[in-house]
Structures are given as C-alpha cells and as structure tokens.
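*Asks:* Here is what each chain is made of, one letter per residue.
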Amino acid sequence: MPAGVLAVIERGYRGSVEVQYGDLLYVCRGLHGALGGVDLVLRGSAVTFALAGGGVPAELAAADTEPGVVPDPRAGLAGLIAAGSRVWVDEPDLRAIGCADAELLSGAERRDTDLMSELWPEYREVWFL
Amino acid sequence: MALSDTEAGPRWDLALVLTAPPYGSEALGTALRLVETALRRGAVALVWTCGYNTMLTQTALGDAKPRDPADWHAEHPTTAGIIAGLLARHPDDPARPRPLGGALTWYVCRFCALDRGAGEQIDGVRTASFSRLGGCLRRSAKTLYLGGA
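The listed protein sequences derive, respectively, from chains A and B.
Be aware that the first sequence starts at 1, since it is given in this note's numbering, and climbs by one per residue.
Be aware that the second sequence starts at 1, since it is given in this note's numbering, and climbs by one per residue.
These are computed hints drawn from the structure, not numbers from a lab.
These numbers were taken from a predicted model, which means no experiment stands behind them.
Glycine included, each C-beta is placed from N, C-alpha and C at the ideal position.
Fair warning: there could be bad hints in the mix.
FRET-style restraints, in silico, Cβ to Cβ [said to hold, decoys possible]:
hint	chain 1	residue 1	chain 2	residue 2	range
1	B	Asp93	A	Gly36	52 to 60 Å
2	A	Leu119	B	Gly147	32 to 40 Å
3	A	Gly36	B	Asp123	29 to 37 Å
4	A	Asp114	B	Ala74	21 to 29 Å
5	B	Gly134	A	Asp114	44 to 52 Å
Chain A on its own, in the form it takes in the complex (with noise of 0.2 Å):
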C-alpha cells in the first residue's frame, strides 16, 4: 500500500546554517505524519542524502554553540526511513557522480527513477519539492 505522497527531491543542499534542522528532509517528515505517509524519490545532488558513511556534516565554529547548526541530511533521511518512507535513489544520477556501486543508507533503494511516473497513479499526491 502506497503511502498518500510521492515527493521528489532532485536538489539538495539549499542552505547551511540558515536552515539548521528545518531542512527538506524535516519537512518531509511532518508531511510524513500529516499526510498519510511520504515516500521519496531523490534525484540530482540529492542522491548523495541516502550515501551511507558520509559522516556528519562539519560544524560550524562560527556558531560557537552546540552542535546541529547545519542541517545533516543523512540523519534525516535515516529517521524518515526509520518512520516508514520508503526512499528510492535514482541510479543514473549515483553513476553520473562516480558512486554507482557505492553503500547507501539501510532501507535506500537504487532504481532509475525516470521509471517512477509509472508509480505516480498510486498516489493521490505527487509533490516536487
């Protein structure tokens, strides 16, 4: 059974310190609860999310404060998958950056998400975000 939102990611990154926790991914997770449950597909610069061993994200010393002031995507995308997402990781975007056969996030799967409109009738939303 499909979850009630198919969202599609294809760019990551979009802010550092300014967004903090407040990332894509934390969206992804309230729409999770609010809406019937989120699955994801990630394109792009946003394939590295799902990259298993990246290590947390640098702190920043400007900060001087606890850490968490930049976003960290993989924990994010581990949480979501933790909460019931299923995540898809296009394959040809992973190839494209020399990481075809690298490891990806337990729960992550590989497949050539230009196939994945094909899902899109299961789902009553289809959110690019």
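For chain A, the structure is supplied; the task is to place chain B on it using the hints.
*Replies:* Here is chain B on its own, set in the frame of chain A:
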C-alpha cells in the same frame, strides 16, 4: 594587520561580498566558515551583504530560532545571533592593538534591506548605500565574491 588605508596599507585584509541568496545553497555557510577562519588568523575582514542576505541580521529574528517540536529542549541560534556573536568576539575597534585576533565589519546594503522590510538591523551591523561598495573594495587587500542574483 593594517588598520587604515592611509600609510599602513588597506583598511581591510579581506572583503567578502555575499549576494548568493540564502535558503538556496551552502553559500552562507561557506561565507561564515571563510570569515571565521580569517578572523581566527587575525585578519581584519569586511562582509558586504546584498539581496536577501540583508534579512539575516534583522532584529526581528531575535537570538533563537523557533523551537523544533521534535527536539523541544534544543536551542538553535538565528543567523542574527550567530553574526552578533562574531561581531562581539571580533570588534572592529581601530584602537585595539594588533595582532590580538581579527576584527569584523559587517555591512548591509540599505536599498536591499529596506526593499525587504529589514531596515531594523542588530547592533554592530552597518547599513550603507550600495554606492559605498566600490570604496570598500578599493580599501580591501583581497575581495572574495560569493555570487548569484
């Protein structure tokens, strides 16, 4: 480090012009990392912001972002709070002996700020006409531009 552009050289060691809009890339994070590193190394630095970057230092932001409902006790500083901290740690006081750590001047383009309702700026930020930019850059030894419309 030079304090004036009269006999001792440029007024600023580094000018960083930030026009790339926030919430669209990592430009702001890059700018703050560059500036903080330069200040830590003792540089006298200037930041000039245009466009939506002028909203990053408006007083209406306060010091703390709205709380994260998923992590209620965590505190998250606003950009205004972060930049106020940088300015406090690196005051641009010409009387301050060098080298004792860097000094920061933060300019906000008046037109861009007023055009976005961000005329009220935090203490320490200087609001100036865009026509001042050329003079600032001429008085800087090196300029970095983080651009975009």
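*Asks:* Run every hint past the structure and note whether it holds.
*Replies:* Do the hints match the structure? See the list:
1. Asp93/B <-> Gly36/A: 52 to 60 Å: holds, 58 Å
2. Leu119/A <-> Gly147/B: 32 to 40 Å: holds, 39 Å
3. Gly36/A <-> Asp123/B: 29 to 37 Å: violated, 47 Å
4. Asp114/A <-> Ala74/B: 21 to 29 Å: violated, 39 Å
5. Gly134/B <-> Asp114/A: 44 to 52 Å: The hinted range 44 to 52 Å holds for Gly134/B and Asp114/A, with Cβ atoms some 48 Å apart.
Of the numbered hints listed earlier, those contradicted by the structure are 3 and 4.
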